[in-house]
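Modelling step: build the complete structure from the supplied sequences, incorporating the hints.
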Amino acid sequence: MKNFLFLAVFTLLNIAASAQKTGSITLHFDNAVGNEALVLKGKQYTNASGEQFNVTFLQYYVSNIRLVRKDGSEYVVPQDQSYFLIREQLPETRNAVLNNIPKGDYTGIRFVIGVDSLRSASEISQRKGCLDVGGDGKDMYWAWNSGYIFVKMEGTSPQIPLTGNRKEPIFLYHIGLFGGMGDKKTLNNIKVATLSFGKEKVKIKTDKNTVIGIKTDVSKLFNGPTTVSLATTPTVMAGPFSAKIADNYADMFSYTGLKKEAAASDTKIALGMK
Amino acid sequence: MKTKIGLVVSALGFFLLSFCSTEDPKLFEKPGNFPAPVYKLGENPLTPAGVALGKVLFYDALLSKDNTVSCGSCHQQSAGFTQHGHALSHGINDLLTKRNSMPLFNLAWSPDFGWDGGVHHLDLFAISPLQNPAEMAETLPNVLEKLRYSKTYPPLFEKAFGTDEINTERFLKSLSQFMLTMVSANSRYDKFMRNEGETLTETEREGMSLVEKKCSSCHSGVLFSDFKFHNNGLKAASNTDVGRYDITLLDEDRYKFKVPSLRNLTATAPYMHDGRFGTLEEVLDHYASGVEKSPTLDPLLNANGQPGISLTTDEKTKIIAFLKMLNDEAFLKDDRFSEFEMRENPEMAQFANTDWDKVDLTTQNPIVKNALSKALGYYWGIKKGLMAENGAEVSGSAKLLLNILENLDRTQLTPMQKAFYHKVYQDLGFDIEHVSETQSVSHQRDHFGDLSKNLFRLIKAFKTNEKALYYHFCPKAASNLGGYWLTETSEEKGNPFFGKNDKKCGEIIHYMPK
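The listed protein sequences derive, respectively, from chains A and B.
Numbers 20 to 293, taken from the numbering used here, label the letters of the first sequence in order.
Numbers 42 to 555, taken from the numbering used here, label the letters of the second sequence in order.
Read the hints as simulated data drawn from the structure, not as lab findings.
Just some of the chain A residues that point at chain B, by a computed CB distance under 7 Å:
#	residue
1	G153
2	K157
3	A162
4	K204
5	T205
6	L206
7	P259
Computed footprint of chain A on chain B, listed as stretches where at least three residues anywhere in the stretch have a Cβ under 8 Å from a Cβ of chain A:
#	region
8	156 to 169
9	173 to 186
10	197 to 211
11	284 to 293
Computed cross-link-like contacts, DSBU-like style, restricted to lysine-lysine with a CA-CA straight-line distance of at most 35 Å:
#	chain 1	residue 1	chain 2	residue 2
12	A	K210	B	K81
13	B	K192	A	K157
14	B	K269	A	K204
Being a predicted model, the structure only gives us computed values, none of them experimental.
We put the CB at the ideal spot given by N, CA and C, even for glycine.
Okay, structure coming up:
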């Protein structure tokens with residue numbers, strides 16, 4: 020009997036050990052404007068409309084991350100660990116760390132740009148960490164039309180005319196809207212980014228942190244299917260034109276390759292849910 | 042036989058009661074004639090301490106940027122929790138909002154909130170007025186910081202939630218808990234519907250069937266709203282408010298607004314999203330003959346190509362008679378929802394909804410004048426200490442100030458003056474205490490702005506100053522939260538928030554002649 024118990028405990032431990040064969044992934048976001056690295060405030064860029072602009076503020080949500088296997092199946096990162104707010108002003112937030120990823124080969128990644136509709140509609144206890152509207156998510160929420168701002172970029176452009184109440188040539192792009200509740204529809208600007216790792220398969224090794232480089236080209240907000248002029252539309256918020264901007268930035272993410280591996284515990288963590 | 046059952050039932054009741062004796066009376070009960078609530082009470086179980094905390098928050102002006110506006114400022118109980126006499130509600134610095142403040146009752150049955158329904162959960166609602174620049178103009182993180190920093194709140198949060206942690210969820214849920222208790226279901230109509238012995242006059246009975254026939258497609262059910270959005274044909278003149286369109290961006294939703302309940306109408310005038318009608322007669326006149334055609338006009342208001350609802354003068358009278366049956370006097374006076382609780386302050390209750398800016402509180406009483414004159418003297422001592430950055434001097438003067446105000450002989454005040462004093466002193470005493478308890482000049486400065494503000498408020502209302510007073514504001518004070526101070530001349534230089542490092546910040550925003 021004692022032996023049997025011993026065996027049972029041994030087996031359980033074994034199962035636990037094999038279940039732990041996981042590694043971690045860090046998604047490292049490099050924000051850029053075209054081929055140039057993004058520098059807040061200092062640098063001037065030019066958009067496809069030929070307008071000069073600089074960027075003073077950039078934040079966006081990345082959530083509901085899935086890793087795609089060779090056979091097309093997906094590993095879905097548990098939802099509560101799958102919300103990140105990337106904030107250009109805080110470099111450590113550009114590393115989104117995903118733990119407990121089963122070891123194996125992965126060929127691509129998919130994620131929501133913004134916050135999915137279910138979480139957008141969830142009750143307040145489901146909104147912690149970067150989703151806390153009284154905390155880290157404070158700049159990313161519309162109180163009057165309940166919902167998160169998915170992508171928020173602000174800056175200035177000398178081409179923006181000073182008319183009406185506009186005292187400074189600033190642009191404000193606050194893009195959100197998750198589709199609304201039940202039959203009360205709003206625009207749905209939720210976009211999903213799908214990136215392939217190309218020929219390079221990403222191997223997740225036990226207890227190793229694999230760092231995946233992702234470039235975020237924010238010039239795509241202006242230069243995409245719709246060529247946007249800052250002079251014409253310096254402010255885009257919860258209006259119809261926001262759909263064009265969301266279509267534009269849907270492909271602003273690209274895979275740039277593997278970075279140096281690090282020990283699993285050795286990476287600064289982006290603003291997650293905890 | 043009946044008595045026997047009665048006995049059994051009461052025995053059973055007693056049996057159950059003896060088991061539940063530690064439970065408080067129900068904080069939220071679904072009235073017998075109401076449907077099941079929409080709010081998921083299981084996600085935010087009401088507790089006495091949670092509701093009590095929500096109430097304190099609801100009536101605390103700390104929720105606004107300059108600590109002048111509370112939820113209760115625009116949602117006054119006697120006005121059915123609307124802002125009495127205001128077509129458009131107004132927030133800090135008397136800025137007008139674009140809409141009439143909506144009544145607050147039976148919120149547990151509302152699927153969304155606001156005239157345009159932009160907020161889809163009661164817990165999320167408070168953030169909107171809190172952060173609206175024309176309402177409370179604060180930010181949620183700031184409010185949470187103020188609460189964490191206060192002496193009052195951490196213990197209240199601990200009572201309500203087990204620990205003194207103050208976070209977004211707890212803050213919003215406690216506000217909801219209080220608002221959920223605001224159930225209005227004791228109008229004569231309700232008592233009639235529940236067979237509680239209420240009877241209808243003939244006029245009321247006819248009014249009721251007229252409302253059923255002519256109004257109930259929108260004002261439906263026992264809550265008298267279908268909670269949907271309709272364009273009721275208000276004249277578009279000067280109306281740039283597109284209502285529901287702001288949310289859905291659908292052309293078909295232009296000029297549509299939430300159907301409000303018909304309960305407590307006598308208290309909630311003026312009517313419509315912009316408060317354009319002052320009386321129920323005007324509202325009915327609108328439906329009878331003022332409805333304007335537009336592409337999104339509700340089809341029900343355009344039956345047979347004839348805009349409006351046919352109503353004779355006699356029918357209007359009967360409808361109004363019935364609508365008055367929907368007033369719930371008990372709710373409007375229920376001290377569970379009042380700023381001043383009758384149980385604790387029976388004298389204060391009558392002034393619960395006084396607009397203090399509109400009443401004359403001038404006093405000539407020598408005892409009061411003398412006390413406030415002394416108080417001002419100690420205030421100058423505090424200010425001098427802050428200028429010199431002498432924390433001990435500040436603390437000493439604050440102790441003297443506290444002593445004089447705490448012991449002011451309140452029997453010398455009229456009941457209305459007393460209620461005002463009580464209200465102001467609640468905040469004023471709090472800040473003076475903080476200033477007196479520490480010698481840290483930076484902490485003293487954090488409380489000095491509000492101290493100045495409320496002392497000025499008191500003196501301004503009672504008009505006891507012997508010299509002119511100048512009221513200054515510096516937006517950079519107290520880590521950019523802003524702060525006020527007083528002087529007796531307009532030339533006086535210096536800023537008590539910065540002392541030796543005066544940043545030349547501040548301007549006179551008010552002048553009070555002697």
